[in-house]
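A.B. asks: So the sequence lines, in the order shown, correspond to chains A and B.
For the first sequence, my numbering gives the first residue as 35, with consecutive numbering after it.
For the second sequence, my numbering gives the first residue as 35, with consecutive numbering after it.
For the record, the hints were derived by calculation from the structure and aren't laboratory data.
Misleading hints may appear alongside valid ones.
Any copy, or any two copies together, can satisfy a pair, since identical chains are not distinguished.
Derived pair list, reagent style EDC-like, types lysine to aspartate or glutamate, alpha-carbon separation capped at 20 Å [said to hold, decoys possible]:
| id | residue 1 | residue 2 |
| --- | --- | --- |
| 1 | Lys226 | Asp241 |
| 2 | Lys192 | Glu297 |
| 3 | Lys86 | Asp279 |
| 4 | Lys86 | Glu209 |
| 5 | Lys86 | Glu300 |
| 6 | Lys192 | Glu202 |
| 7 | Lys226 | Asp279 |
| 8 | Lys197 | Glu209 |
| 9 | Lys192 | Glu94 |
There are 2 protein chains.
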Amino acid sequence: MTAAAPIAIFDSGVGGLTVARELRRALANEEIIYLGDTARVPYGPKSAATVKRFGGECVEFLLHFRPKLVIIACNTASATALEDLDQIVDVPLLGVIEPGARAALGASNLRRIGVIGTRATITSGAYPRAVAALDKGATVFSRACPLFVPMVEEGRTKGPVVKAVAQEYLTPLLEQEIDTLILGCTHYPVLKSVMAEVVGAGVTLIDSAETMATAAKELLAARGEGRPESAETPKQHFYVTDVIDEFERVGRIIWPDMTGRIERVEIGRAALR
Amino acid sequence: MTAAAPIAIFDSGVGGLTVARELRRALANEEIIYLGDTARVPYGPKSAATVKRFGGECVEFLLHFRPKLVIIACNTASATALEDLDQIVDVPLLGVIEPGARAALGASNLRRIGVIGTRATITSGAYPRAVAALDKGATVFSRACPLFVPMVEEGRTKGPVVKAVAQEYLTPLLEQEIDTLILGCTHYPVLKSVMAEVVGAGVTLIDSAETMATAAKELLAARGEGRPESAETPKQHFYVTDVIDEFERVGRIIWPDMTGRIERVEIGRAALR
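Starting from the given sequences, assemble the full structure and let the hints guide the process.
C.D. replies: Structural data, given as structure tokens:
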């Protein structure tokens, strides 16, 4: 694999742009190919079997670009499909779960860690498993927060309703005296300031977009596959499975200075006709 | 077409169960085949092109049962795909938009009508068009309410957060002095009591599930295709494209005494592999 190859990012929709944005900051020389499965988003409320099928189709599409690394930015897909995908793909695959668990353990003194995510991510138990694999003495308290994603996609990132919902979701975790909270969904970093207000200074927030970018940087350094600096600005190319304008609208909420070409592709078209 | 043929109902997910429930009440002798595209739900935030593609695939599946009537329970699909579908299908198709518009005009004295729905339904302008086609003097005020569907699916059908969100969405419509409000999404009847509280007694709520059942009953009567009473309880059969348990979980919120077999089917599988 050549160092000049792009990094591919897969997400169920637009949320993975939080990861793309951090990756752009951390790895300024790399080309980025992004695929958001916006026609079938969200994956969060769906079954593991369906998420595996959709994830497989999307990663297959990204492999056409011969990437040196595929990042599964979607927490739901990382939690349910990463192991299966890893067996069929011969390029390094990075999911968000393990780096998030590692960062949380690094930040936690009490070893009492909260994790929030979609229903599918929480039901999968992937974060508690990843934490236990690294530190059996740590305790993880989980909570599904189904309204956070639609709130972000509506552009509702602050205000009394968001705060009331955040309080309702996070209070049971705070009562467990967590000192670290994993934001286990790519959309959640956008709500970080509201969450910080609700949890207070005693709880460290682990942003999976940041931990993901760090993990990607370390992996490329270890493999000696970082792309050397060049005179040209490295390309960013975005593919979506539904129309472009909605992706751009929500994209601007998440990543105000996003640049690059956006194209529509069809994935998962019925074999019927 | 025989009177014994079933009625087919298509919805993007579980919300169409409000229509199935009303249909069961209004047409106790009819067999019902229901398809919820739960693997690709929601349609509301997606483009017309994608909704047309998904809707076409789903209606094609339902035609295998040789129904005497296909009901497009999903407001988003009715608003964006009904006309196209009507051209390729030789069975009567009923969408929710026209019956809802008709019922609203019947209820409104001021001819000032509010309509709420998903982003796609509101963007399509289907309700204002349907109202104008019936009464050019009526005015329609529209508002997209993206959080209502995830709230219902979370089981959050009352309480301070729901009320605050309903107030925020509905206040601009109330300021326009509407006297009738179309609940232009199959999920919304579940929130009817909260909405009634917010809009007050001066505004009539038009429940698209009820108007749909009435329209279906009238259409079958007009065609002489009502199913005669029989000794057997008429069958209900539900098909979903994602797993059954989640459909049942939300189904019980919407239709507590739902009965009948639920089966999983695959629609829109990629032609890739």
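A.B. asks: Evaluate each hint against the coordinates.
C.D. replies: Right, here's what the structure says about each hint:
1. In this assembly of identical chains, Lys226 and Asp241 lie within 20 Å of each other by CA distance solely inside one copy; the values are 8 Å within and 38 Å between copies.
2. Taking the shortest Cα distances, Lys192 and Glu297 never come within 20 Å of each other, neither inside one copy (31 Å) nor across copies (41 Å).
3. Only between protomers do Lys86 and Asp279 lie at most 20 Å apart by alpha-carbon distance; the minimum there is 17 Å, versus 27 Å within a single protomer.
4. Taking CA atoms no more than 20 Å apart as the test, Lys86 paired with Glu209 passes in neither setting, with 35 Å inside one copy and 47 Å between copies.
5. For a Cα distance limit of 20 Å, the shortest separation of Lys86 from Glu300 qualifies both inside one copy, at 18 Å, and across copies, at 14 Å.
6. For the identical chains of this complex, Lys192 and Glu202 are neighbours both inside a copy (15 Å) and across copies (14 Å), given an alpha-carbon limit of 20 Å.
7. For a Cα distance limit of 20 Å, the shortest separation of Lys226 from Asp279 qualifies neither inside one copy, at 25 Å, nor across copies, at 32 Å.
8. Taking identical chains as interchangeable, the C-alpha atoms of Lys197 and Glu209 lie at most 20 Å apart only when both belong to the same chain, with a minimum of 17 Å there against 26 Å between chains.
9. In this homomeric assembly, Lys192 and Glu94 never come within 20 Å of each other (Cα to Cα): the closest approach is 37 Å inside a single copy and 43 Å across copies.
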